[in-house]
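Residue numbers (the numbering used here), protein chains in the order written: chain C, 1 to 253; chain Y, 1 to 253.
Derived by calculation from the structure, the hints in this document are not laboratory data.
This structure is a prediction, so every number in the text was calculated from the model and none was measured.
Mixed in with the good hints, there may be bad ones.
If chains are identical, the list can't say which one is meant, so a pair holds when it fits in one copy or spans any two.
Said to hold, decoys possible - List of simulated lysine-lysine pairs, DSS-like, C-alpha gap at most 27 angstroms:
{"hint": "1", "residue 1": "K158", "residue 2": "K226"}
{"hint": "2", "residue 1": "K226", "residue 2": "K114"}
{"hint": "3", "residue 1": "K183", "residue 2": "K114"}
{"hint": "4", "residue 1": "K85", "residue 2": "K158"}
{"hint": "5", "residue 1": "K114", "residue 2": "K81"}
{"hint": "6", "residue 1": "K158", "residue 2": "K112"}
{"hint": "7", "residue 1": "K226", "residue 2": "K112"}
{"hint": "8", "residue 1": "K226", "residue 2": "K111"}
{"hint": "9", "residue 1": "K158", "residue 2": "K81"}
{"hint": "10", "residue 1": "K85", "residue 2": "K114"}
{"hint": "11", "residue 1": "K158", "residue 2": "K183"}
{"hint": "12", "residue 1": "K183", "residue 2": "K226"}
{"hint": "13", "residue 1": "K114", "residue 2": "K158"}
{"hint": "14", "residue 1": "K158", "residue 2": "K111"}
Number of protein chains: 2
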Amino acid sequence: MEDTLGRPRGPAWLPCYVVGSQVLGLAVLAITGAWMTHYRGGFAWEGSLQFNVHPLCMVIGMVFLCGDALLVYRVFRNETKRVTKIVHGTLHVFAFIIALIGVIAVFDYHKKQKIADMYSLHSWCGIITFTLYFVQWIIGLVVFLFPGVSISHRSRYKSLHVFFGVTLFVLAIGTSLLGIKEKLLFTFPSDYSQFPAEAMLGNALGLLLIAFGVVIAYIVIRDDWKRPLLPEEQALSMDFKTLTEGAESPGEQ
Amino acid sequence: MEDTLGRPRGPAWLPCYVVGSQVLGLAVLAITGAWMTHYRGGFAWEGSLQFNVHPLCMVIGMVFLCGDALLVYRVFRNETKRVTKIVHGTLHVFAFIIALIGVIAVFDYHKKQKIADMYSLHSWCGIITFTLYFVQWIIGLVVFLFPGVSISHRSRYKSLHVFFGVTLFVLAIGTSLLGIKEKLLFTFPSDYSQFPAEAMLGNALGLLLIAFGVVIAYIVIRDDWKRPLLPEEQALSMDFKTLTEGAESPGEQ
Numbered sequence: 001m002e003d004t005l006g007r008p009r010g011p012a013w014l015p016c017y018v019v020g021s022q023v024l025g026l027a028v029l030a031i032t033g034a035w036m037t038h039y040r041g042g043f044a045w046e047g048s049l050q051f052n053v054h055p056l057c058m059v060i061g062m063v064f065l066c067g068d069a070l071l072v073y074r075v076f077r078n079e080t081k082r083v084t085k086i087v088h089g090t091l092h093v094f095a096f097i098i099a100l101i102g103v104i105a106v107f108d109y110h111k112k113q114k115i116a117d118m119y120s121l122h123s124w125c126g127i128i129t130f131t132l133y134f135v136q137w138i139i140g141l142v143v144f145l146f147p148g149v150s151i152s153h154r155s156r157y158k159s160l161h162v163f164f165g166v167t168l169f170v171l172a173i174g175t176s177l178l179g180i181k182e183k184l185l186f187t188f189p190s191d192y193s194q195f196p197a198e199a200m201l202g203n204a205l206g207l208l209l210i211a212f213g214v215v216i217a218y219i220v221i222r223d224d225w226k227r228p229l230l231p232e233e234q235a236l237s238m239d240f241k242t243l244t245e246g247a248e249s250p251g252e253q
Numbered sequence: 001m002e003d004t005l006g007r008p009r010g011p012a013w014l015p016c017y018v019v020g021s022q023v024l025g026l027a028v029l030a031i032t033g034a035w036m037t038h039y040r041g042g043f044a045w046e047g048s049l050q051f052n053v054h055p056l057c058m059v060i061g062m063v064f065l066c067g068d069a070l071l072v073y074r075v076f077r078n079e080t081k082r083v084t085k086i087v088h089g090t091l092h093v094f095a096f097i098i099a100l101i102g103v104i105a106v107f108d109y110h111k112k113q114k115i116a117d118m119y120s121l122h123s124w125c126g127i128i129t130f131t132l133y134f135v136q137w138i139i140g141l142v143v144f145l146f147p148g149v150s151i152s153h154r155s156r157y158k159s160l161h162v163f164f165g166v167t168l169f170v171l172a173i174g175t176s177l178l179g180i181k182e183k184l185l186f187t188f189p190s191d192y193s194q195f196p197a198e199a200m201l202g203n204a205l206g207l208l209l210i211a212f213g214v215v216i217a218y219i220v221i222r223d224d225w226k227r228p229l230l231p232e233e234q235a236l237s238m239d240f241k242t243l244t245e246g247a248e249s250p251g252e253q
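Starting from the given sequences, assemble the full structure and let the hints guide the process.
Shown next, in the form of structure tokens:
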């Protein structure tokens with residue numbers, strides 16, 4: 001099936017899932033923002049409000065933008081691989097910068113308020129996830145964007161890159177849940193069980209984060225929704241297969 | 001490549017990853033048991049020790065046994081599909097019963113101690129994960145073990161079953177992390193930041209749970225480690241393909 005411009009049509013249900021993921025993602029951002037402004041006093045780079053920069057930046061960078069970066073190869077199905085790579089890479093540039101601001105915000109806040117760093121499970125998971133994300137980012141940049149790397153190296157690394165991309169995205173969501181839990185137990189050390197509105201908002205945010213993660217993972221993992229090779233990539237793939245008989249095919253991205 | 005009995009050899013590195021996953025899984029069980037006995041007084045069905053049954057049962061049932069059930073189709077590569085299904089189903093029977101004991105333990109403990117139920121993000125995630133696990137368990141039982149269901153229905157549901165199986169396993173690990181965090185913040189409301197030994201053990205347990213989940217997910221998701229069809233299944237698959245031209249092939253499990 002082709003559209004009016006002669007391009008192959010994508011899977012029928014894919015757009016519904018993509019729209020659903022964006023509704024969930026925007027709800028996550030809106031609720032994080034509303035929680036920090038309505039209940040926690042808003043944002044600033046000084047004083048106690050500096051902490052609030054941390055959850056918002058981490059959710060925008062490590063969850064929303066990373067999730068959307070995973071979708072690029074499913075949404076831009078008919079663009080060239082070069083274009084999809086540039087969009088994927090650009091989203092990760094913004095994701096990394098915004099997440100870095102979030103990391104700096106919490107360390108700077110702890111330093112000014114003389115609060116110990118790196119003692120909690122949230123902080124351990126967070127620093128491991130962020131460090132591995134940076135490593136994955138650098139390796140991805142070198143392997144997929146530098147012109148000197150051979151197709152066979154790219155092909156061999158690709159499945160690892162996809163697996164660790166999804167894994168780090170899931171870890172970012174897990175770390176966010178731990179952060180929500182930590183914030184709620186610090187805020188309501190004895191009255192969390194009274195179902196205060198702020199705590200229920202935090203719980204709901206946790207469930208929305210999980211729903212966003214599940215929908216994104218489903219779109220990325222579903223085999224028949226993978227980006228098909230364009231005709232010129234197919235030809236290249238056949239050449240590569242012929243040249244390296246017995247080696248893996250570059251396959252789909 | 002075939003072994004001395006003429007059966008095809010599995011992928012070379014798969015056994016190392018499987019052994020690694022079991023070492024991590026057993027470490028998770030040992031540390032959970034050690035935490036509850038050494039720091040929390042051990043196990044009983046009455047009094048304050050009843051709570052300790054909950055984390056141990058949930059980790060054995062929803063994490064360790066569910067993780068191992070996911071591996072069955074990779075480890076028993078040369079057994080018939082019937083045998084692998086029975087092993088997979090049996091592991092899930094034990095997983096469900098043990099997890100159910102863990103769920104009953106915490107509700108019964110709360111009731112006796114007059115502690116509110118279902119207010120925390122951990123409890124929301126836990127009850128959703130356990131309920132969906134039960135639903136997946138029932139649907140899986142009906143679709144894959146009842147003789148009346150057609151191959152085409154089994155084939156269509158299979159990829160969803162695998163996706164939700166891995167998702168629920170990941171959710172069980174995420175819920176365990178929230179449980180660890182909750183326990184540590186209730187135990188150390190003000191001195192978690194002093195790096196007490198029990199809290200560091202809890203943090204380490206969290207990282208081991210993540211490592212176990214990542215290794216299991218990697219083994220299950222890796223395409224070239226999927227269970228190959230046996231010769232008789234291949235013949236059946238070809239018949240089915242011919243009969244339902246245009247429909248999906250049963251493929252690999």
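Hint by hint, here is what the structure shows:
{"no.": "1", "hint": "K158 <-> K226", "verdict": "both (13 angstroms within a copy, 18 angstroms between copies)"}
{"no.": "2", "hint": "K226 <-> K114", "verdict": "neither (49 angstroms within a copy, 51 angstroms between copies)"}
{"no.": "3", "hint": "K183 <-> K114", "verdict": "both (18 angstroms within a copy, 25 angstroms between copies)"}
{"no.": "4", "hint": "K85 <-> K158", "verdict": "within (12 angstroms within a copy, 32 angstroms between copies)"}
{"no.": "5", "hint": "K114 <-> K81", "verdict": "neither (48 angstroms within a copy, 60 angstroms between copies)"}
{"no.": "6", "hint": "K158 <-> K112", "verdict": "neither (43 angstroms within a copy, 54 angstroms between copies)"}
{"no.": "7", "hint": "K226 <-> K112", "verdict": "neither (48 angstroms within a copy, 52 angstroms between copies)"}
{"no.": "8", "hint": "K226 <-> K111", "verdict": "neither (46 angstroms within a copy, 49 angstroms between copies)"}
{"no.": "9", "hint": "K158 <-> K81", "verdict": "within (13 angstroms within a copy, 31 angstroms between copies)"}
{"no.": "10", "hint": "K85 <-> K114", "verdict": "neither (43 angstroms within a copy, 56 angstroms between copies)"}
{"no.": "11", "hint": "K158 <-> K183", "verdict": "neither (37 angstroms within a copy, 39 angstroms between copies)"}
{"no.": "12", "hint": "K183 <-> K226", "verdict": "neither (38 angstroms within a copy, 41 angstroms between copies)"}
{"no.": "13", "hint": "K114 <-> K158", "verdict": "neither (43 angstroms within a copy, 53 angstroms between copies)"}
{"no.": "14", "hint": "K158 <-> K111", "verdict": "neither (40 angstroms within a copy, 51 angstroms between copies)"}
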